[in-house]
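For the sequence shown, numbering that gives the first Met the number 0 assigns the number 0 to the initial residue and increments by one for each residue that follows.
Please note that a few of the clues may not be correct.
Computed list of lysine-lysine pairs in DSS-like fashion (alpha-carbon distance at most 25 Å, straight line) [said to hold, decoys possible]:
#1 LYS75 / LYS85
#2 LYS75 / LYS3
#3 LYS3 / LYS83
#4 LYS179 / LYS166
#5 LYS12 / LYS108
#6 LYS16 / LYS75
#7 LYS76 / LYS3
#8 LYS83 / LYS12
#9 LYS107 / LYS12
#10 LYS16 / LYS76
#11 LYS3 / LYS16
#12 LYS179 / LYS198
#13 LYS76 / LYS12
#14 LYS333 / LYS275
Across the chosen pairs, the derived CB separations fall in these ranges [to be verified]:
#15 ALA103 / SER13: 40 to 46 Å
#16 THR343 / THR316: 41 to 47 Å
#17 GLY205 / THR236: 20 to 26 Å
#18 ILE105 / ALA19: 42 to 48 Å
#19 ASP14 / LYS108: 52 to 58 Å
#20 ASP6 / LYS85: 31 to 37 Å
#21 ILE200 / ASN244: 22 to 28 Å
#22 ILE105 / SER13: 41 to 47 Å
#23 THR343 / THR282: 21 to 27 Å
Everything labelled a hint here was simulated from the structure, so no lab data went into it.
Backbone N, C-alpha and C define an ideal beta-carbon position, used for all residues, glycine too.
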Amino acid sequence: MKQKIQDLTLLLKSDRKAQAIAGCCVLALLFLAFSEPPKRRGVPQQQVAEVPVQSAGMGFEEAFQDLVTTLQDGQKKLGEDMQKVKTEMADIRTDQENAEMRTAEIFKKLIDRIQQQQTVTTVSANQPPDPVDYKTEFPQQEPDALEPFGDVDDTQVAPPAPPKEAKEVLISPGDSVRIKLLAGVNAPTDGTPYPVIFKLISDINGPDSSSLPVGEARLIAAAQGSMVDSRAIFRLTSLSMRFPNGERRTVDVDGWIVGEDGLRGMQGILLDPLGKAIGGAMTTGTVAGLGQALSDSQVTTERQDGTTYQYLTGDTTSYALGKGLSEGASEWSKIIQNRLSELTPMVQVFSGREATAVFSQAVVIDGLYDAIDEEESDIFAMLD
């Protein structure tokens, strides 16, 4: 109960809303205590005794005085507690200041000690060392004599030979070589690359009539078809060769193929399924029309009150045959359309044709000169 009274006292001291509510309650109690009760009119049936108000007023006043006394006691105790807290905080602050002062004195002593040690070290370093007796004994030799070093009888090792200058074979951009198509190709026009293989039938020709013999090396390329001019376009990818000593080497290359007519790519035959698709569509349309006409000729159509009626008045067999032809032709037309969407036009190029390969990037072939020096009599044996 005492704790609750203390909480109520703190609430009244800190919260203005609670103070206002408490003031209203006190005013209400005072109004009830000191106000006169209204005079009641007499009731003829029965007499009502008047109740004195003084005793009730005295009870409210005593309760209010008790509440005020309790609040004053709580406030007094709260003030004493606050004074104790302030005293303890002052003591803690004093102890902290004393500790800081002691720490500062300790650090000051340490700094003085370090400075003293540095001063002593500097003074000792500047002083010359104590003199000592030192006697140098020189060997008994002639003034111009030379002292031998090592074993005089050892043979001198010859210096290493200078490194041999490395030679490299370079295929520069713009070099060309004559080639022969070993396997034909149907190059699709949808951009899908198809691999093809060529055989070199001449030396690689460079600027100023320079040439590089590489034998019958193999050249791999990727082929794509072009519907515009019915040509197969090739892009070089790799070059495979055999050295005179039997070693095989493959290098990555890049370039294109020039056909017999001097244009990029090789002229081919365009294989386009569009013609067959058009013929099939015409056939299916004709059959469907004949079937529909045959079935309609066996039916009578009447219109009554905006409604159309059809009656089978002809031969049933002819009607069924016409319907079958019409429906079958429609399904055939759908199959042709689906198959046409899966077909891709191609450019067909047959094998055995000759062309020219042009390199677009520099390629270094390591070890080719060394292999030629080892076997100059048989340069690049035939692969076939």
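Which of the listed hints are broken here? Violated hints (numbers, rising): 4, 5, 9, 18, 20; every other hint is consistent with the structure.
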